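Peer 1: Letter by letter, the chains look like this.
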Amino acid sequence: MLEIFTLSQAELSAVKLSILVGFWSVAASLPFGIFFGWLLARYDFLGKSILDGFLHLPLVVPPVVTGYILLILFGRKNGVFGPWLYDIFGISFAFNWKGAALASAVVSFPLMVRAVRLSIESIDTGLEQAAKTLGAGYMKIFFTITFPLALPGIISGIVLAFARSLGEFGATVTFVGNTQGATQTLPLALSAVLQVPDSEFYAARLAVISLVIAFSSLIISEYFACRAKKYKQSGRI
Amino acid sequence: MFKIDVEKQLGNILIKCSFEIAKPCITAICGCSGAGKTSIINMAAGLITPDKGIISYNGREFYNSEKKINIPANKRFTGCVFQESRLFPNMKVKKNLLYGMMRKSPSSLNCNLDDVCSLLGISHLLERYPQNLSGGEKQRVAIGRALLSNPEILLMDEPLASLDEIRRSELISYINLIQKHYKLPVLYVTHSVDEILQLADMALYMEQGVSKYFGSVVDVLNNAAIKANRHNSFNTIFEGEVEKYDEESSTALIKFGGGYVESSCEKVENGRKIRFSVNIHDVVLSIKQPEGISIRNIYKGKVIEIVKQPNNFYDILIDIGDKIWARISKGAYSELDIIEESIIFVMIKSAAISDTLKLVH
Chain A
1 MLEIFTLSQA ELSAVKLSIL VGFWSVAASL PFGIFFGWLL ARYDFLGKSI LDGFLHLPLV
61 VPPVVTGYIL LILFGRKNGV FGPWLYDIFG ISFAFNWKGA ALASAVVSFP LMVRAVRLSI
121 ESIDTGLEQA AKTLGAGYMK IFFTITFPLA LPGIISGIVL AFARSLGEFG ATVTFVGNTQ
181 GATQTLPLAL SAVLQVPDSE FYAARLAVIS LVIAFSSLII SEYFACRAKK YKQSGRI
Chain B
1 MFKIDVEKQL GNILIKCSFE IAKPCITAIC GCSGAGKTSI INMAAGLITP DKGIISYNGR
61 EFYNSEKKIN IPANKRFTGC VFQESRLFPN MKVKKNLLYG MMRKSPSSLN CNLDDVCSLL
121 GISHLLERYP QNLSGGEKQR VAIGRALLSN PEILLMDEPL ASLDEIRRSE LISYINLIQK
181 HYKLPVLYVT HSVDEILQLA DMALYMEQGV SKYFGSVVDV LNNAAIKANR HNSFNTIFEG
241 EVEKYDEESS TALIKFGGGY VESSCEKVEN GRKIRFSVNI HDVVLSIKQP EGISIRNIYK
301 GKVIEIVKQP NNFYDILIDI GDKIWARISK GAYSELDIIE ESIIFVMIKS AAISDTLKLV
361 H
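So the sequences go chain by chain: A and B. Residue numbering for the first sequence follows the numbering used here, starting at 1 and increasing by one per position. Residue numbering for the second sequence follows the numbering used here, starting at 1 and increasing by one per position.
One chain only, chain B, in its complex shape (with noise of 0.2 Å):
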């Protein structure tokens, strides 16, 4: 559906990025600063010119450096938002959305006025500058003007990140709404793993330039999250979906890879999709099935991994049926005596999951 396979050297960085996104989602383009995320978005909305490479929508080229293609921004069909909004100072906001309505484009989409401002709830800011908005106010604009020029493909720039918390999951909220309902895909920059948990379906890792990982959320992040903290403490990230929620102790029954696992949360439907991550510091090993005591998630596991730390610890994969890490100390090591393939009891406290649940949108 979106394919990049793009190349630019920018200063003494190349960047260097190849993927493939299938279906209309929300893709996470992820990584440090300085990873080239941005220059992503700008090659594909046709900002900066890539030294060679394709991109591609749908079978037709914006981009393609063999065949000397490069269609201009102004005619790509790409609905940008960026991290400031970006909108006219000298217009209202209704002039503002109707800026990019002339355009006629291949896309079906045919937003209308009325329903995107409804759907983002701007209907009321019309008459209003934008310098008499606030932030929040002004990214829901800056969508909905992106909307409404009927592109193929949404182009995010940390559309969140100039925003306090409150209003930061409002506009998730909101992002997700529209990627719903007009089943666009959408690329995403951020490097917030809070943002990737509860919007992406999909995602890019970047590192130093180069599109180091693709795929789900969960494998990407994983992945990522051990390239970069190696030495320092990492999480490891599960999704799941509600089984049961139990009123009376408000805790959630999720199922996920490795069986079931408890949490107390505020009140969830059944069958909602939701990511958790558990700290390697907070998984408990042991060589027997453990007995009596207060822990309630327990799984028996596979040792697929022990990698050794500079600082005398271990790092344990274990494979519960999705793969968890889990760091112990030289003494318990060598007493528990563990080697590969060894089978082994994982524990982890319900409390150290609770405060890192995440619904998917």
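Isolated chain A (complex conformation) (with noise of 0.2 Å):
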């Protein structure tokens, strides 16, 4: 009875990887989704449409395509920028995590991009208008004024994100192939084992651990962002 909870050693390491996978991606895209969130909600300038766009392009593209491009762009030996990064930083994100995080952060960032910007279009520019007569620079007003008072949003953001890279797949498996250990998370361990005969039990036993991180995480950032809510409410942030 007990070996229904034994994880198989294959199991447990697409769970840690998919944890790892999601937090990275999810810290590295983090401050870029707030600049560029700010940038959308804040600014007017040429071009503002087209970047727009080119940040939504994830959302719209077959996460297949995503995955064919950032081949392109950072293959290890024939990439665009691949030999660079590997020669100047030795960075590779061929057939690793590292990889698989970057695709799942590429694949969520429009997510992110949108919560951020979302809560801070609903912020009153007056706000940073007085702060600004009060001789704040634009550093002192986003940090004071903006930032805190977008939080909510950004966290919900933050989760979207972290979801969105927990059910990653195709850009995935198209970037970084499907390797036990390095590069399995739980969807592509979940596809592989659908491959072999007689393993419903297995699969089944993935798709639950599936839905429970991922129901989990809602549940924590839903409160996060009650909290969050509540405080800006009642003023105490």
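Keep in mind that the hints were calculated from the coordinates and are not lab data. Please read these numbers as outputs of a predicted model, since none were measured by experiment. Quick reminder that beta carbons are idealized off the backbone N, C-alpha and C, glycines included. You may find that some hints are simply not true.
[To be verified] To give an idea of the chain A side of the interface with chain B (calculated C-beta under 8 Å), a few residues: (1) A131; (2) L149; (3) A225.
[Unchecked claim] What the simulated footprint calls covered on chain A by chain B, stretch by stretch (three residues with Cβ under 8 Å from a Cβ of chain B suffice, anywhere in the stretch; the number is not a length): (4) 119 to 128; (5) 134 to 147.
Both chains are given apart, each in its own frame, so use the hints to dock them into the complex.
Peer 2: Pasting the structure below:
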């Protein structure tokens, strides 16, 4: 009976990898997500709609295409930047978890930018103007007014992006392949298991694990968003 | 002291404004909605950039299109109070107040937290969040916050528009108090004639983006009223000083350009500056010295202008020391046989004045 709860080596590494990839994809894209969300919310400039469209591309392009483009750009031997990144920084995205994290980050980026942008747009620009007349420069305004007030939106952006990277399949499999222990996250492991005959039990178990992780991350985020919102309303951030 | 002479195209309205304030006082900027009042404030604060012109304070230029000077808003040392208080919801009142305090200002204001708090009566609110303040309290904190940023000039954009009548009169006295205490020049946007009458020393009237009249409150308001309400009824505004107050009959004797006027009002001290207005329909004319009538305020004057109204009325401008408008019917006009330069007696009912009396702070 107990063996239902005993995960195999492959499953355990898929769970760990999924969380690792999810964490780093969000962590790496967060500063850029906040920057572009703020830029799009607060400034009008030439080519804004082009930039906006470009940032939203991963949302509408099939993930396999995204993976393919990543391969062209960051392939270790034949990519545009790949060899250069490896020679100078020693960074390689090929067939390791960093590649999986990059693919997840790219695919989930539009969701994060959207959430941040919406929450910044909902902040009264009058507050920022008032801060300006009180002598605050851009940095001070951002860190004392804009960021604290946008926090609930930023948190929901983080969760959306994390959830999206947990479910990321197409871009990852195209970019870094499906190697157990290196790039095999939960969805990839599930897909691999399904190829094997008579493995319904293992497939179901992986599906349940995915569900549990996704659901608990939603609950955690909801908790933080609620707290942030409540604090914002009562003014206690 | 403060000089502005700017042009700015905003949508289909061209803002063209020029005036100069010589000494620290409250200057009201008035006009209809959409006349460009707020734009003037925003240009002075540096929140919008004019197309061309000059904005300067005490010889220092904030903006000069020819010399390509445009000091950013955070380095202009203007204290702004907006219609909505714009307090930062994520900070307690105290932190809000201290937000602008760090900057080094060339002004010699040197406000400190305790003084400002006791002056505005907000000491007990320091630990609260803006969400838990009433409208009047919020605006007082906003004024305090602007003061504590050590401004050289205060810019107020309809600070009382969102408040009820009681809070409004309360805040009027606060605004006046800080202006007198810190001797700051104040630009005060409003469309309320009451606020102008109680607060302002000078006034600027804007019409469709253009600064039309600038000068003393009485002159500007009288010109503006005629301009805006030529075909409707309008008031002539006067400024005077309380000469004597009779407690028994609760009447004040007010000295103004035309002589003395009697009006019942609440107790005021002698020498108090007062403004009042007379509606053109409340003025009675007579070509002979009236005798044996109940009206106490009678003035001798000279007709200087007659304007025929399309609805068969005549508006007569009479100089009784100050200028006053009266409206009479066509029948009365032909019977009295008035021409320009005629000598005429003007009568005003005290009751018509008492409701309009405004103490000038």
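Peer 1: Take the hints in turn and mark each one as holding or not.
Peer 2: Here is how each hint holds up against the structure:
At a threshold of 8 Å, the smallest CB-CB gap from A131/A to chain B is about 7 Å, leaving the interface hint in force. At its closest, the beta carbon of L149/A sits 6 Å from a beta carbon of chain B; the interface hint therefore holds under the 8 Å criterion. Among the interface hints, the one on A225/A is violated; its C-beta lies about 16 Å from the nearest C-beta in chain B, farther than the 8 Å criterion. Coverage of the segment 119 to 128 of chain A by chain B holds. Counting CB-CB distances below 8 Å, 3 residues qualify, and the rule asks for three or more.
Counting residues of the segment 134 to 147 of chain A whose beta carbon lies closer than 8 Å to any beta carbon of chain B gives 6, which meets the minimum of three for the stated coverage.
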